[in-house]
Amino acid sequence: MRPNRVILSIRHAFIAVLASAFCMSAIAAPPAPGRYLAQLPCADCPGIDARLDLAADGTYTLSERYRDREGGTDSIGRWSMATDGRTLMLRSERREPLYLAVRDEWTLEQLDREAQPIVTASAAEYRFRLDEAFVPLTLRLTLTGFYRQGEGAPSFKACATGQVLTISSAENDAALDRAYRETRRSADEPLMAQIRGRIEQQSQTAAPVLTVEAFEGFRPGIECPPPPGNSPLANTHWRLTRLGERAAGEGLVHEPHLVFDPTGRVIGATGCNRLVARYETDGNTLRIESIVATRMACAQGMETEQSLLNALRATRGWRIVGSLLDFYDENGRPLGHFEAAAKP
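First residue of the sequence shown: 18, per our numbering; consecutive thereafter.
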């Protein structure tokens, strides 16, 4: 079912607001906010019914339910776009990042853990499609955030999304209220806590509400971690993990890695030798030239070294999604896959 005019008008306004964030050559538009549905494959069941709700404020909810039995997983978090403008990253505090490709204005396709297409007989098995119909939502999950009691109803600000949820009720109201009053330093001080509960939204216009089912003690002085985003190309230690379809070698003299200097210089290691080069980037294009490497011979790593040098010379495109960096040749074929790591 294609989205109606109301959804399309929301999409156009959303794109206009975010246009400056995605001003790159030959990129796709960000996905339309709305509800996406999929029937995902399952190794030991008939399938998983998945529902992904993307909000225009950069937050999401994801619900996955087994089709043949009770149970599944729920998560909330933030979504962001990769530097190519065609890859979506979902980040929550309690699961690995989830990556999806924006195939068209109504379709998202789930990718693997390295943000690459999943090898399957039918890519349609992993496709989420925009659906305009609203269905009430109930999520059960554990959240970290700030609990607060003010003059009105108590509220909870989730670290995963930054959203403030009204607490409708708690199964242990008295214990929660007592613990808050004993810990706070002022009348309405927000206090960090971990709670288990359910989030419910009964209509399209109603705000979601939180019911607290259990909670851990309050922890004053602790802050939420910063919202996740894309690692910068420059000044990041990029550790090589794969060349084409082959994993990077092990037991090498030097860890294969690259560090891009803001001035246009690249330094790094091939697995055996050190290297230095120059690079130029413009939007989605990237060229690495004037590569110079030391000439030490190594018992291991020479094959990795030559493959890496060939990949760097052939690189014409690049993408960063979260902490992952990919290089592509002029035909869009993957050449190298890197992960951001702490500088040694």
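Note that these hints are calculated values from the structure, not bench results. Ideal Cβ placement from N, Cα and C applies to all residues, glycine included. It cannot be assumed that every hint is accurate.
[Unchecked claim] Label-pair ranges, simulated between beta-carbon atoms:
| hint | residue 1 | residue 2 | range |
| --- | --- | --- | --- |
| 1 | MET313 | ARG236 | 24 to 32 Å |
| 2 | SER203 | THR302 | 49 to 57 Å |
| 3 | ALA224 | ALA150 | 42 to 50 Å |
| 4 | GLU262 | ARG120 | 18 to 26 Å |
Evaluated hints:
A C-beta distance of roughly 51 Å is found between MET313 and ARG236, which places it outside the suggested range of 24 to 32 Å. A hinted range of 49 to 57 Å for the beta carbons of SER203 and THR302 is consistent with their spacing of about 54 Å. With their beta carbons about 20 Å apart, ALA224 and ALA150 fall outside the hinted range of 42 to 50 Å. Taking 18 to 26 Å as the suggested C-beta distance range, the pair GLU262 and ARG120 conforms, at roughly 23 Å.
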